[in-house]
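Undergrad: Chains as they are written, first to last, in the numbering used here: chain A, 1 to 340; chain B, 1 to 397.
Because the hints were derived from the structure by calculation, they are not lab data.
Please note that the accuracy of each hint is not assured.
As the list claims (entries may be wrong) - Once the Cα atoms are required to be at most 20 Å apart in a straight line, the calculated EDC-like pairs of lysine to aspartate or glutamate come out as:
{"#": "1", "chain 1": "B", "residue 1": "K28", "chain 2": "B", "residue 2": "D52"}
{"#": "2", "chain 1": "A", "residue 1": "K321", "chain 2": "A", "residue 2": "D245"}
{"#": "3", "chain 1": "B", "residue 1": "K3", "chain 2": "A", "residue 2": "E102"}
{"#": "4", "chain 1": "B", "residue 1": "K118", "chain 2": "A", "residue 2": "E102"}
{"#": "5", "chain 1": "A", "residue 1": "K230", "chain 2": "A", "residue 2": "D216"}
{"#": "6", "chain 1": "B", "residue 1": "K41", "chain 2": "A", "residue 2": "E103"}
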Amino acid sequence: MRAYIKSTSAICAQQTFDKSEYLAEYIAPEGQYLKATEPPYRGIIDPKQIRRMSRIIKMSVATAHQALAEAEVQVPEAIIVGTGLGCIEDTIKFLKDIIEGEEGILSPTAFIQSTHNTIAGQIALLLQCPNYNFTYANRGHSFENSVIDARIQLSEGKDNILVGAAEEMNLQAFEIMYNMGCTGDRNKNDGSALGEGASFFVLTNEQKEGRPYLQDISVSNHITAEQLEKSLNSFLAKNKVDASDVDLLLMGSNEFEKDGFYEKIASLFADNTPQLDFKKICGEHFTASGFAMHLGTMILQDQVSLNNSYLAPQLKRPVRKILIYNHYKAMNHTFMLLSI
Amino acid sequence: MSKRVFISGYGIISALGFDAGQNRNALKNLKPGIGKPNFLKTRQEVVVGEVDASNEQLTDMAALNGASNISRTALLGLIATKEAIQMAGLNKDTLIGTGLLNGTSVGGMDISERAFGKVLNGQSVDYKASFAGHDCGHSTQFIVENLGVKGYNGTISTACSSSANTLMHGANLIKSSQLDCVIAGGTDALSMFTLNGFNSLKILDSEWCRPFDQNRMGLNLGEGAAFLVLESEEHLKARNGKALAELIGYGNANDAYHQTASSPDGKGAFNAIKTAMEVAAVKPEQISYINAHGTGTANNDQSESLALQTIFGKNMPPYSSTKAFTGHTLGAAGGIEAVFSVMAIEQQVLLPSLNVKQPMDIIAAPNKEYKSAKVETVLSNSFGFGGNCSSLIFAQV
């Protein structure tokens, strides 16, 4: 079933939130990971609240707000958020307080804001939204779980569903992940640097001329490159799409992990099929596929020009079908087909 | 969306015991599992519902030879899912197409919090072994890999309603024909992080908790895991499985009142229960027993009582909170109480509340005995931080 995308908004390392400047100029990252380029939050969030919110909450509230405003939706009929690590900043802060204070008297603020569903909960609170409210935290399929649930909710007749992906990084989390060997060299700009950000969408059943839609999504775990090929073929066949119909491949390629999966997928398409490695923009993180869906939607909707030298796919025009392929550490594989 | 969703097996591990039989006996004998922690290292003077086994013993129980540094969350989850599969009689081939949904609030925090202390103190740490299991999705992946479950999997983290939500989502996946069989539930281990978190909120009772008592002082934390096998009618018939109960209704709503506290009038709870009853197409007088969220905090029990009063009025069915037995097991609570709800149907009994000396003045006293009754339909509530309110309704088949 089609999930029509009324609107989308994202914050990532590059400028995507201010749509008048959408990916216009390359922002060279500072520091060791791809830190999000955050907008000024005043004017979007009540200044009294801004101070108390962690960055993942601010990024999520701002992008949710923009998506809802563009869709002209006041109160969504469901809020579903995917986040792999959740509110890691407040988690680390509270843990530090416990350890340094040797379990002494603690302020509960960081604990209160540390749970994964703080994001969806805060959005509901700000919107006074009493409806269905879910949070998925499933590694490289956190956003996928959310989208699959959103499709069920749409099929049950709910409309205007707010779906989002959110992740935040900070120095301490980065250092741990660096020591775990989870990140490549950000200077290489090969998609292996860790990133962060938020991407939100308003999904609807309502078809409209020129409105992009998620045609289908397919997920699998722990498969071989051969099984992946089969899985792609059946995914395309199920959707009556030929490889040559795909105008753009949005790939989660990450040079840090040479694993043959992305090469396999690329080999199944004609050489002149444009390919864009979206992690060069948003970095590697559990919910990077959420950003891919955002970028794909923007390309379909506005036929966004991607003239930047660091992106540079030669796009056939108009772009009508985009295939997203991503995998997280060869465990969680995802296909999403976006169409207009 | 008229497909029926049956429960064909369950597994449970909690402070009451390592399997379903031990848990049932503890309920029957009014024997709570709350006491001083033996395995959780903390300076806090508390009583908790701890699973009575070390990590090494749990590793053996899960038949993982010599594995180390695995979070209790993952271990408890694996033990409970194995029992559920065995009870349902799912074979290896069936597991390939089976899905798994896991609800957890802090995932592998019990391991990573210790390692993080070492990082802060400049001690050497094996980063991969210490932190690779931190995220919530790790326990899910660990469980599916060890079970050979190859179907769709998901992890829900909505604080204390996490595993109630996995059951709701599991039912949705079956009703929308995306899965025929799904193991759904949740797991959470005690951790220094959550213990100090609830302590900082000043909602821990240092003695045994007293849900629905006028003078209740707060909750006791617990740990555990429980998973239920959900199946479509066709799938169950095709493999000659036996239905133990049916999941007939579910509702999720957001209280949209406060990040941690429940609204005084229980608006979110009311909406969740109301939706669940609409989905189940049952009237208030058809509910035989309520397994309440009943944490024992002033705020929750007040809010939940008012929601129940609004729904049921004078026809208030017998209700109780089993948290005085198990402690509040957070992400696992919805699964554990779903298992208790199914047990109440199987055994045709009402489950007891404990430690109630003076009932609240706004609601009739909870049921305090393990006693026989006609139990056709059970409502189970789970409410959490972030305003998350979930209700499930189980029925006799």
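Undergrad: Evaluate each hint against the coordinates.
TA: Hint check results:
Our distance criterion of 20 Å between C-alpha atoms is met by K28 of chain B and D52 of chain B, whose separation comes to about 19 Å. As the CA atoms of K321 of chain A and D245 of chain A are separated by approximately 7 Å, the hinted pair is consistent with the 20 Å bound. For a cut-off of 20 Å, the pair hint linking K3 of chain B to E102 of chain A is broken: about 53 Å separates their Cα positions. Between the alpha carbons of K118 of chain B and E102 of chain A the distance comes to roughly 13 Å, so the proposed pair stays at or under 20 Å and holds.
Among the hinted pairs, K230 of chain A with D216 of chain A is consistent with the structure: their alpha-carbon atoms are about 16 Å apart, no more than 20 Å. For the suggested pair K41 of chain B and E103 of chain A, the alpha carbons sit about 11 Å apart, so the restraint of at most 20 Å is met.
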